[in-house]
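Visitor: Numbering (the numbering used here), first residue to last: 1 to 61.
Worth flagging that the hints you see were computed from the coordinates, not collected in a lab.
There may be inaccurate statements among the hints.
[Stated by the list, open to error] Quick list of the computed label-pair ranges, beta carbon to beta carbon:
| # | residue 1 | residue 2 | range |
| --- | --- | --- | --- |
| 1 | V26 | Q61 | 32 to 38 Å |
| 2 | F43 | G3 | 45 to 51 Å |
| 3 | L42 | W20 | 32 to 38 Å |
| 4 | Q9 | T30 | 50 to 56 Å |
| 5 | F8 | L54 | 53 to 59 Å |
Quick reminder that beta carbons are idealized off the backbone N, C-alpha and C, glycines included.
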Amino acid sequence: MNGLLRYFQEARAELSRVTWPNRAQVLEGTQVVLVFIVVLTLFLFALDSVLAGLIRVVVPQ
């Protein structure tokens, strides 16, 4: 039981040393992630379309 109490005390002390982002930093990070997701989605869509076209050429129906 003593070890568990010590764990939570150390965890709380560690969290007090964390530098938390402000609202502007969180919004900026969110925008970066959303743009990355859109770009990656478009890239994967294009790659899938090209590969599907190649498969249609190689394996006629």
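Visitor: Against each hint, give a clear statement of whether it holds in the structure.
Guide: Right, here's what the structure says about each hint:
V26 and Q61 have their C-beta atoms about 50 Å apart, which leaves the hinted 32 to 38 Å range violated. Between F43 and G3 the Cβ separation comes to about 49 Å, which falls inside the hinted range of 45 to 51 Å. As the Cβ distance of L42 to W20 is approximately 33 Å, the hint placing it in 32 to 38 Å holds. The hinted range of 50 to 56 Å is not satisfied by Q9 and T30, whose Cβ atoms lie roughly 33 Å apart.
Roughly 57 Å separates the CB atoms of F8 and L54, a value that falls within the hinted 53 to 59 Å.
Comparing the model with each numbered hint stated earlier shows that hints 1, 4 do not hold.
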